[in-house]
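S.K.: Spelled out from the first residue to the last, the chains are:
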Amino acid sequence: QKEVEQDPGPLSVPEGAIVSLNCTYSNSAFQYFMWYRQYSRKGPELLMYTYSSGNKEDGRFTAQVDKSSKYISLFIRDSQPSDSATYLCAMSPNSGGSNYKLTFGKGTLLTVNP
Amino acid sequence: NAGVTQTPKFRILKIGQSMTLQCTQDMNHNYMYWYRQDPGMGLKLIYYSVGAGITDKGEVPNGYNVSRSTTEDFPLRLELAAPSQTSVYFCASSYATDPNQRLFFGEGSRLTVL
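Top to bottom, those sequences are chains R and Z. Sequential numbering from 1 applies to the first sequence in our numbering. Sequential numbering from 1001 applies to the second sequence in our numbering.
These are computed hints drawn from the structure, not numbers from a lab. Bear in mind that the values here come from a model prediction, so they are computed numbers and not experimental data. No residue lacks a Cβ here, since even glycine has one placed at the ideal position from N, Cα and C. It is possible that part of the hints are untrue.
With a straight-line Cα cutoff of 27 Å, these simulated BS3-like cross-link-like pairs (lysine-lysine) come out [said to hold, decoys possible]:
| no. | chain 1 | residue 1 | chain 2 | residue 2 |
| --- | --- | --- | --- | --- |
| 1 | R | 42 | Z | 1057 |
| 2 | R | 2 | Z | 1044 |
| 3 | R | 42 | Z | 1009 |
| 4 | R | 70 | Z | 1009 |
| 5 | R | 70 | Z | 1014 |
| 6 | R | 101 | Z | 1057 |
| 7 | Z | 1057 | R | 2 |
| 8 | Z | 1009 | R | 67 |
| 9 | R | 101 | Z | 1014 |
| 10 | R | 70 | Z | 1044 |
Partial chain Z-side listing against chain R, Cβ under 7 Å, derived [what the hints assert, rightly or not]:
| no. | residue |
| --- | --- |
| 11 | 1002 |
| 12 | 1009 |
| 13 | 1010 |
| 14 | 1039 |
| 15 | 1040 |
| 16 | 1043 |
| 17 | 1064 |
| 18 | 1086 |
| 19 | 1106 |
| 20 | 1107 |
Restraint ranges, calculated between C-beta atoms of paired labels, are given here [unchecked claim]:
| no. | chain 1 | residue 1 | chain 2 | residue 2 | range |
| --- | --- | --- | --- | --- | --- |
| 21 | Z | 1069 | R | 10 | 22 to 32 Å |
| 22 | Z | 1107 | R | 81 | 14 to 24 Å |
| 23 | R | 5 | Z | 1054 | 45 to 55 Å |
| 24 | R | 22 | Z | 1084 | 29 to 39 Å |
| 25 | R | 55 | Z | 1083 | 22 to 32 Å |
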């Protein structure tokens, strides 16, 4: 079993839809969970960061972590064409100073159609 | 701010040739990284550095070398290029003490080995 599993998609939704992106993981040591957004032919950029279980909201984006199920989600409300990108989950067992231990998912390609 | 700058953006190499991918950052970050991204495969860590003069192997170091003589620069050397090294290479940097573990990525260098 791979450490981090992420459905690569592609996922295509109409503008205004609620989008749900997910990752599962097998390493129970992971404590820190991130979502990166990568536009076509660009480098990834950090979108959301959460620690341990729970929810975190930032505008139209909500990150959710369920450590008991080893499952994380990113929800996008009122999706916009500008949200079209690849979304990569990433996770780490340690806080800052150990970014070399980040494990990335393969990324999910999302297209939001006007 | 320029952030993380990578050169070249595109390069075609013949099998057996060598080249260096350049990376420089102007944010005074301690940590720097090199990742490769293959289609549908996510980001794989090649090498990382926690400061000038200190480097270490990541998940996929074979066929590559790095050096870190200054805080700003972290070049990646490919010796004896092989078709398996065809990929998009991303340089990234981060603060050692950033609790959000935010990686700042460059725009990528697309390498094709024929």
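S.K.: State for each hint whether it applies.
M.R.: Verification of the hints:
1. This hinted pair checks out: residue 42 of chain R and residue 1057 of chain Z have alpha carbons roughly 25 Å apart, not beyond 27 Å.
2. Simply put, residue 2 of chain R and residue 1044 of chain Z have alpha-carbon atoms about 13 Å apart, close enough for the 27 Å limit, and the pair holds.
3. Under the criterion of a C-alpha separation no larger than 27 Å, the hint pairing residue 42 of chain R with residue 1009 of chain Z is consistent with the structure, at around 11 Å.
4. Our distance criterion of 27 Å between C-alpha atoms is broken by residue 70 of chain R and residue 1009 of chain Z, whose separation comes to about 37 Å.
5. A threshold of 27 Å between alpha carbons decides the hint, and for residue 70 of chain R with residue 1014 of chain Z the separation of about 44 Å lies outside it, so the pair is violated.
6. Of the pairs offered as hints, the one joining residue 101 of chain R and residue 1057 of chain Z holds, with about 12 Å between alpha carbons and a cut-off of 27 Å not exceeded.
7. Simply put, residue 1057 of chain Z and residue 2 of chain R have alpha-carbon atoms about 21 Å apart, close enough for the 27 Å limit, and the pair holds.
8. The suggested pairing of residue 1009 of chain Z with residue 67 of chain R is violated, with an alpha-carbon distance near 39 Å, which exceeds 27 Å.
9. Annotation: proposed proximity of residue 101 of chain R to residue 1014 of chain Z is violated, straight-line Cα distance about 33 Å (limit 27 Å).
10. For the given pair, residue 70 of chain R sits about 22 Å from residue 1044 of chain Z by alpha-carbon distance, which is consistent with the 27 Å threshold.
11. Using the Cβ-Cβ criterion of 7 Å, the hint placing residue 1002 of chain Z at the interface with chain R is not satisfied: the shortest such distance is roughly 13 Å.
12. For residue 1009 of chain Z, the shortest C-beta to C-beta distance to chain R is roughly 9 Å, which exceeds 7 Å, and the interface hint is violated.
13. The interface hint given for residue 1010 of chain Z is violated, since its Cβ lies 11 Å from the closest Cβ of chain R, which is over the 7 Å cut-off.
14. Annotation: interface hint on residue 1039 of chain Z violated; nearest CB of chain R at approximately 9 Å, more than 7 Å.
15. With a least beta-carbon distance of about 5 Å to chain R, the hint placing residue 1040 of chain Z at the interface is held under the 7 Å criterion.
16. Taken as an interface hint, residue 1043 of chain Z checks out: its beta carbon lies about 4 Å from the nearest beta carbon of chain R, inside 7 Å.
17. At a threshold of 7 Å, the smallest CB-CB gap from residue 1064 of chain Z to chain R is about 15 Å, leaving the interface hint violated.
18. The restraint placing residue 1086 of chain Z at the interface with chain R is violated, with a minimum CB-CB distance near 16 Å, outside the 7 Å limit.
19. With a least beta-carbon distance of about 5 Å to chain R, the hint placing residue 1106 of chain Z at the interface is held under the 7 Å criterion.
20. Taking 7 Å as the C-beta contact cut-off toward chain R, the hint placing residue 1107 of chain Z at the interface holds, the least distance being around 5 Å.
21. Evaluation of the 22 to 32 Å hint for residue 1069 of chain Z and residue 10 of chain R yields a failure: the beta carbon distance comes to about 42 Å.
22. At about 22 Å, the beta-carbon gap between residue 1107 of chain Z and residue 81 of chain R stays in the expected band of 14 to 24 Å.
23. Judged by the Cβ atoms, the range 45 to 55 Å given for residue 5 of chain R and residue 1054 of chain Z is violated: they are separated by roughly 33 Å.
24. Residue 22 of chain R and residue 1084 of chain Z have their C-beta atoms about 31 Å apart, which keeps the hinted 29 to 39 Å range intact.
25. Against the hinted window of 22 to 32 Å, the Cβ-Cβ separation of residue 55 of chain R and residue 1083 of chain Z comes to about 45 Å, which falls outside the hint.
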